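Enquirer: Read top to bottom, the protein sequences are chains A and B.
Numbering (this note's numbering) for the first sequence: 1 to 259.
Numbering (this note's numbering) for the second sequence: 1 to 262.
Hints listed in this document are in silico derivations from the structure and should not be mistaken for laboratory results.
You may find that some hints are simply not true.
Claimed, not checked - Covered by chain A, according to a simulated footprint, are these stretches of chain B (three or more residues, beta-carbon under 8 Å):
(1) 162–176
(2) 251–258
Stated by the list, open to error - Per label pair, the in silico range of CB-to-CB distance:
(3) B/Y103 / A/S135: 39 to 45 Å
(4) A/S135 / B/I11: 28 to 34 Å
(5) B/A116 / A/R105: 53 to 59 Å
Predicted model only: the values in this text are computed from it and were never measured.
Note that CB positions come from ideal geometry on N, CA and C, so glycine has one too.
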Amino acid sequence: MIRIENASKIYESRDGDKVHALTDINLDIGENEFVSVVGPSGCGKSTLLKMIVGLLPITSGRILFHGEPVRGPRTDVGMVFQEPILLPWRTVKQNVMFPVEILRRSDRDYSAEADRLLKTVGLGGFERRMPYELSGGMQQRAAICRALIHDPAVLVMDEPFGALDAMTREDMGAELLRIWQQYRKTVVFVTHSIREAVWLSDRVVVMTARPAKIADVVTIELPRPRTTKMQFLPAFGSYVEKISATIARRDGEVVLCQD
Amino acid sequence: MPGLSLSRRRITDAVQEWVRPVAALILLIVAWEAVTKLLNVPVWLIPAPSEIVAATFERGTEVLFHTWVTFYETLLGFALAIVLGVPLAVAVVHSKSLSNTIYPLILVTQSIPKVAFAPILLIWFGYGDFPKILVAFLVAFFPIVVDTATGLRSPPPQAIDLARQLAASDFQVYTKIRFPSALPHFFAGLKVAITLAVIGAVIGEFVGAESGLGFLVIESTSHFKTPLAFGAMMLLAIMSMVLFAVVAIAERIVCPWYGRAS
Chain A
1 MIRIENASKI YESRDGDKVH ALTDINLDIG ENEFVSVVGP SGCGKSTLLK
51 MIVGLLPITS GRILFHGEPV RGPRTDVGMV FQEPILLPWR TVKQNVMFPV
101 EILRRSDRDY SAEADRLLKT VGLGGFERRM PYELSGGMQQ RAAICRALIH
151 DPAVLVMDEP FGALDAMTRE DMGAELLRIW QQYRKTVVFV THSIREAVWL
201 SDRVVVMTAR PAKIADVVTI ELPRPRTTKM QFLPAFGSYV EKISATIARR
251 DGEVVLCQD
Chain B
1 MPGLSLSRRR ITDAVQEWVR PVAALILLIV AWEAVTKLLN VPVWLIPAPS
51 EIVAATFERG TEVLFHTWVT FYETLLGFAL AIVLGVPLAV AVVHSKSLSN
101 TIYPLILVTQ SIPKVAFAPI LLIWFGYGDF PKILVAFLVA FFPIVVDTAT
151 GLRSPPPQAI DLARQLAASD FQVYTKIRFP SALPHFFAGL KVAITLAVIG
201 AVIGEFVGAE SGLGFLVIES TSHFKTPLAF GAMMLLAIMS MVLFAVVAIA
251 ERIVCPWYGR AS
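Isolated chain A (complex conformation) (with noise of 0.2 Å):
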């Protein structure tokens, strides 16, 4: 589905220096799996979500969205920021169907997908209400409803629930775990939080800090769907543990904040 291949991003700051934001990415993400992104802060996770969805031009190698190479914005991507981004001037509903707007598509359309859209996230009801009536988790569950609303092949997710509490969080994982199932989108997901990657993932991708390279894959081989209780299990303690390690032999120093 999405291939990367030797991708490098290479920064020259003003004075000329040249920053190695990334170095020799390779990784090949399948179709409908879920693949985290777990690292320390600054290692270029956002960089390589920006290159992927066609935001941030590659220095060198290439991504390929089956087998065509990203050359600008993907239009079947959707994305989730760690902060809900809702235009305050619009309601939930009309914040859902943003991207159809901005796409061109006809209104009429999507409508009903945003109401069901909504409705399976929970927000059944709060179609007009205006954003700042929402709790920030709610906020957030609207803006997973429209990185869905033009049916995109991708969901792209950059630390989607880094701003929200221990309970929402976990809240959070389960519904996207549901949606995940319900609609199979390849998930593209960043995080500081190596728990929740291994309990969200298929592979988890090990990212080591400045010159940012990949340290290590590690599949994830718990049964599906996934449960709360799965967390409490031996085996997900042993991949939690095998990746802190990964980080820590990389780095020298743990700058990874486990919940």
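Given chain A's structure and the hints, the job is docking chain B onto it.
Expert: Coordinates of chain B only, in the frame set by chain A:
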């Protein structure tokens, strides 16, 4: 009884918001009247409120005409500031090089004291309304450009990313994100600009005019008709407050979502 306590609370709120300030104002006017009368203060020095009102009404139609002149000078200057200020703000935000070129120039025009510039405008454009409109425009222009530019830059970068990733055009980014985001800042600029525009028009009239409330102040003080000068001053204050209120109400109608915690 929750219903009763709620309505009682509403009444106390109304008292806090309206009754007290109005009562304070009335008290001030009464005290002013009493002090000037009791101490026998000369009318040309500090007139009593009753004398101000009498003098103003005595030349009612004339005063009304002067008020109208200052009113439209203010509004035209203000409108011109919006019409030119908003596109300039867009230009400044859109292009870094344009911003580097224009911003210092705007700052220079803003740094020139308008009182010093007004006589020169008079030489250029004569005694008519135009120089007054121009001074009103010049003072109102700056806050509109600066605040609108700030507003256009206010949306979070992720909001722009969200649109860009959906292959949004520049036009869509402006109409769907930047302009609506800028509205609260735009209105903040308008509120400052409208009160400044009144002052600008008056400055223009001070320098040389045949009509307007600023002219009326100059003319009446030169003949020691202090009550009329006070009357003109009051009318200017009222005009300024009413215009401000109109902008504030427009703001509430246009961006009701602003100021709510998200």
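Enquirer: With reference to the structure, classify each hint as holding or not holding.
Expert: So, going through the hints one by one against the coordinates:
Counting residues of the stretch 162–176 of chain B whose C-beta lies closer than 8 Å to any C-beta of chain A gives 9; at least three are required, and the coverage claim holds. For the stretch 251–258 of chain B, the stated coverage by chain A is satisfied: 3 residues place a CB nearer than 8 Å to a CB of that chain, which reaches the threshold of 3. Against the hinted window of 39 to 45 Å, the Cβ-Cβ separation of B/Y103 and A/S135 comes to about 41 Å, which satisfies the hint. Separation of A/S135 from B/I11 is about 33 Å and conforms to the stated range, judged on CB atoms against 28 to 34 Å.
The beta-carbon spacing between B/A116 and A/R105, approximately 58 Å, falls within the hinted interval of 53 to 59 Å.
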